[in-house]
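Read off the chains here:
Protein chains: 2
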Amino acid sequence: MAVSPWTPPLQSQQWRSYSASAPVPARDPSFAQLTSDDVRFFQGVLGLGGVVTDDDLLAVANTDWMNKYHGKSKLLLRPRTTEQVSRVLAHCHERRLAVVPQGGNSGLVGGSVPLFDEVILNLGAMDRIVSFDEVSGILVCEAGCILEKVDAYLAERGFVFPLDLGAKGSCQIGGNISTNAGGLRLLRYGSLHGNVLGLEVVLADGTVVDTLKTLRKDNTGYDVKQLFVGGEGTLGVVTQAAILTPPKARAVNVALLACASFQDALTAFRLAKQELGEVLSAFEFFDRTCLDLVLKHHSAIRDPLPPEEDGAPPYPFYLLVETAGSNQEHDSAKWDAFLEAASAGEVVQNGTIAQDAGQAAGLWAIREGITESLAKNGVVYKYDFSLPVTDLYRLVEDTQQRIGPLGVAVGYGHLGDGNLHLNVSAPAYSDALRARLEPWVYEWTAQHRGSISAEHGLGQMKPHALRYSKADSAIELMASLKRLLDPRGILNPYKVLPDEADKRDATSKKQQT
Amino acid sequence: MAVSPWTPPLQSQQWRSYSASAPVPARDPSFAQLTSDDVRFFQGVLGLGGVVTDDDLLAVANTDWMNKYHGKSKLLLRPRTTEQVSRVLAHCHERRLAVVPQGGNSGLVGGSVPLFDEVILNLGAMDRIVSFDEVSGILVCEAGCILEKVDAYLAERGFVFPLDLGAKGSCQIGGNISTNAGGLRLLRYGSLHGNVLGLEVVLADGTVVDTLKTLRKDNTGYDVKQLFVGGEGTLGVVTQAAILTPPKARAVNVALLACASFQDALTAFRLAKQELGEVLSAFEFFDRTCLDLVLKHHSAIRDPLPPEEDGAPPYPFYLLVETAGSNQEHDSAKWDAFLEAASAGEVVQNGTIAQDAGQAAGLWAIREGITESLAKNGVVYKYDFSLPVTDLYRLVEDTQQRIGPLGVAVGYGHLGDGNLHLNVSAPAYSDALRARLEPWVYEWTAQHRGSISAEHGLGQMKPHALRYSKADSAIELMASLKRLLDPRGILNPYKVLPDEADKRDATSKKQQT
Chain A
1 MAVSPWTPPL QSQQWRSYSA SAPVPARDPS FAQLTSDDVR FFQGVLGLGG VVTDDDLLAV
61 ANTDWMNKYH GKSKLLLRPR TTEQVSRVLA HCHERRLAVV PQGGNSGLVG GSVPLFDEVI
121 LNLGAMDRIV SFDEVSGILV CEAGCILEKV DAYLAERGFV FPLDLGAKGS CQIGGNISTN
181 AGGLRLLRYG SLHGNVLGLE VVLADGTVVD TLKTLRKDNT GYDVKQLFVG GEGTLGVVTQ
241 AAILTPPKAR AVNVALLACA SFQDALTAFR LAKQELGEVL SAFEFFDRTC LDLVLKHHSA
301 IRDPLPPEED GAPPYPFYLL VETAGSNQEH DSAKWDAFLE AASAGEVVQN GTIAQDAGQA
361 AGLWAIREGI TESLAKNGVV YKYDFSLPVT DLYRLVEDTQ QRIGPLGVAV GYGHLGDGNL
421 HLNVSAPAYS DALRARLEPW VYEWTAQHRG SISAEHGLGQ MKPHALRYSK ADSAIELMAS
481 LKRLLDPRGI LNPYKVLPDE ADKRDATSKK QQT
Chain D
1 MAVSPWTPPL QSQQWRSYSA SAPVPARDPS FAQLTSDDVR FFQGVLGLGG VVTDDDLLAV
61 ANTDWMNKYH GKSKLLLRPR TTEQVSRVLA HCHERRLAVV PQGGNSGLVG GSVPLFDEVI
121 LNLGAMDRIV SFDEVSGILV CEAGCILEKV DAYLAERGFV FPLDLGAKGS CQIGGNISTN
181 AGGLRLLRYG SLHGNVLGLE VVLADGTVVD TLKTLRKDNT GYDVKQLFVG GEGTLGVVTQ
241 AAILTPPKAR AVNVALLACA SFQDALTAFR LAKQELGEVL SAFEFFDRTC LDLVLKHHSA
301 IRDPLPPEED GAPPYPFYLL VETAGSNQEH DSAKWDAFLE AASAGEVVQN GTIAQDAGQA
361 AGLWAIREGI TESLAKNGVV YKYDFSLPVT DLYRLVEDTQ QRIGPLGVAV GYGHLGDGNL
421 HLNVSAPAYS DALRARLEPW VYEWTAQHRG SISAEHGLGQ MKPHALRYSK ADSAIELMAS
481 LKRLLDPRGI LNPYKVLPDE ADKRDATSKK QQT
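From first to last, the protein sequence lines stand for chains A and D. Be aware that the first sequence starts at 1, since it is given in full-length UniProt numbering, and climbs by one per residue. Be aware that the second sequence starts at 1, since it is given in full-length UniProt numbering, and climbs by one per residue.
Because the hints were derived from the structure by calculation, they are not lab data. Just to be clear, a hint being listed does not mean it is correct.
[Stated by the list, open to error] From chain D, some residues computed to sit far from chain A (all C-beta separations above 12 Å): (1) A26; (2) L57; (3) I301; (4) E309.
[To be verified] Restricting the straight-line Cα-Cα distance to at most 16 Å, the calculated cross-link-like pairs of lysine to aspartate or glutamate (EDC-like) are: (5) D/K273 <-> A/D133; (6) A/K273 <-> D/D133; (7) A/K273 <-> D/E372; (8) D/K273 <-> A/E134; (9) D/K382 <-> D/E372.
Note that the Cβ used here is the ideal one computed from N, Cα and C, for glycine as well.
The shape of chain A in the complex, shown without the other chains (with noise of 0.2 Å):
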């Protein structure tokens, strides 16, 4: 099973029509118009070098890896230093110019591209580690710094970074904190927010707010630095992080199961936790519209898990399991006793285990590639949410009975945290489906007490949609925030919260009239 590692599809076309249907946005005419003095401000402080106008380097800063949003920036600022960020930032408030922070671009909602011409600030020539201690596995480095560098740099000395998703080969560090992201991990060393220990972090008027402290525990004051996990850089801009990273697993396993059910799939589960305990370090699920679409755009992949019997039909569910631990022995046991209990009420049909880091590698890499093969396979309407695991799949059921032939849903995710990806593929965009699934699916999802997004962020996807999953009074909490760390709104505008879009949907009534 020799499979590539994912890598997202640059300048893909396919997009280009869903991101028409979001409301037509306008410039908001409080920000100021970029001037040559300004350009040459920057030069000032950032060299040449740090100073882009480039059309072709800003036409792929402007634009997401999904080619779905589109910018218009003139201008493309590199900082090197803390003090570069702080000095760019300051004269941006000065001038209310908007500014974009942007490290890897591999979200999926927009929200590290522009959407007018606001200045993008590019984290990745900031990429030092600054200090490991092997003694406590605390890591302190820049916002640039690649997550697969990083973790390679960690696997050397023992460790492993708390975080691991599929855009690993490009997505920076700064990034990560500022969307809070979940991956594949999250089940095992749980979220950012525990895990951040520091940060260093420029406010929109250029002050450096500094909490970088490596140290396990810390209760001086409040936690400032939480507000910037998952902030989205509209709050201010990471420029360094402490991160608490545990030991690297001596034994990792990997196996591949099948079910008959997402009740099995459930149970499944269930058993897991119970028997492989403390060492289950991944619980993923994709339905078999997933797996057929990866054998159909991956020719080197195979189908791991026919069926038995010729002409059988194949199975509905997969699972991709995975245990971390620190004995080999130990957790082969433990996943004896996991696979006798779910074979012995016929909850796993069929299963394969890697026998070594190649295998293991490919079996992760079907779950990897469900998401570009989605992506070649036609426009796809991506959702990402949080729902009790029982109601999980049923969204995936519902969706495609509301939208009969209009699209075919597929769910996928992490299971172990209550995760799904739902996708709708369809051949083109079409009014008619995108009217079938919003705001439905929203109402769907907040009817069942879930989240709109686990771990996507709302970028300028989802803001307008933040009210089916938010309550008022801390959305209010959340405008009250912005207002105090960047009162002219010169970060990342248009994104995030729902009085945001509101400006730029107002905006752009005004302007159409």
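Given the structure of chain A, go ahead and fit chain D onto it with the hints provided.
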């Protein structure tokens, strides 16, 4: 080894002289005086039973368990619903009446008792468990639930609360969250910033902010609840919480080990992480002086590890190591490997492993008996530092050297978290001893990039010392958040923020002149 569990020695007189050394406080004249109309209003909201003016009951609520801090409140309110909390706070905000939120009142920094006539808002009557999901392990409960009772409720269902501490019999969940309590299980389950999934909080003006999601992942905007985790009741009053609880371990093993040096204790920690791996759940340490104090003040406890040769000196350091796993056989094998590695290099000199739950409780009773033994032994200067583990015990040695015969410095705490409880025991309070200790001990900590409060918080004891541990930029951000959320400063005044403390001093000086 039969020992009784630790309970706070209420109303001991040993601390009074120490509190006298804090800056002489004066009441902020901007706060209103309580009137009979106010009391009638509260009676209308809470009923007669929820409004306490009895002198004896007030005396208890005005005083912390150490009898170190003494308020003069004339009114104790005991709401039963969030709506009542909201109506009470709206009235206090309107009237500018200062309020102290209070849970189990088991803190160590005077955070939950008034300084003057602040109204005490005790959450103890809000003690319902709202819901528990046995699939996800997500609990929703009211703030006044007592930790030990919640843990017992969870244990019956196969789960544990992700927090454990000596005061569990009296502390409340709302107080635990408001102080971001750390305790004995943090090494394994992480901090409450990761485990609290949602909160219901009432702001100073009575606004109820609802972020009470029962989802493991929810990236829908700023994680505003985090401000109240460790906010010490100065930003809002926690009324309900959703908490992720882990499954109860089937196998728990506890050992007490003796080392010949602190360096050996550190080596043992490294070996424990290596060999006990994912099942390691606590790694506590204490020095011989601590054990001597426990033996002196608890006649039922005997030295669990007397020197193997008659007349040999006792061991200078002790470790309490705990594992919690899903398989006793596997965990025993891991313990064998750990103890073999630790014995091989004489890293550990002696040890005992509990054979049953009673013996395990007996070993824990030694560790948890240290606080009470110190309290019985004279006056105590209590400090709570986070430090790099390699520097941890040197502070105790340097402190002893600095104070000479004026007192006895002892060290214990959560070695696995880098958390030292430095305590100085003395027969009586003396200006000379205090002057030797402060600010030197804070300076020492700052020089070693430590934290002046690992887990106890700031309360009224440590706002003055905050600048040793936190950058001005972060303190300014804290202050602006306080002004935003509590513009009249009625919530838990004179605490946490240095400028609140400064204001207290300034008012004091002004009144003195």
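Status of each hint after checking the structure:
{"no.": "1", "hint": "A26", "in the structure": "holds, 23 Å"}
{"no.": "2", "hint": "L57", "in the structure": "holds, 30 Å"}
{"no.": "3", "hint": "I301", "in the structure": "holds, 28 Å"}
{"no.": "4", "hint": "E309", "in the structure": "holds, 33 Å"}
{"no.": "5", "hint": "D/K273 <-> A/D133", "in the structure": "holds, 15 Å"}
{"no.": "6", "hint": "A/K273 <-> D/D133", "in the structure": "holds, 15 Å"}
{"no.": "7", "hint": "A/K273 <-> D/E372", "in the structure": "violated, 39 Å"}
{"no.": "8", "hint": "D/K273 <-> A/E134", "in the structure": "holds, 12 Å"}
{"no.": "9", "hint": "D/K382 <-> D/E372", "in the structure": "holds, 12 Å"}
Checked against the numbered hints above, the structure breaks only hint 7 and satisfies the rest.
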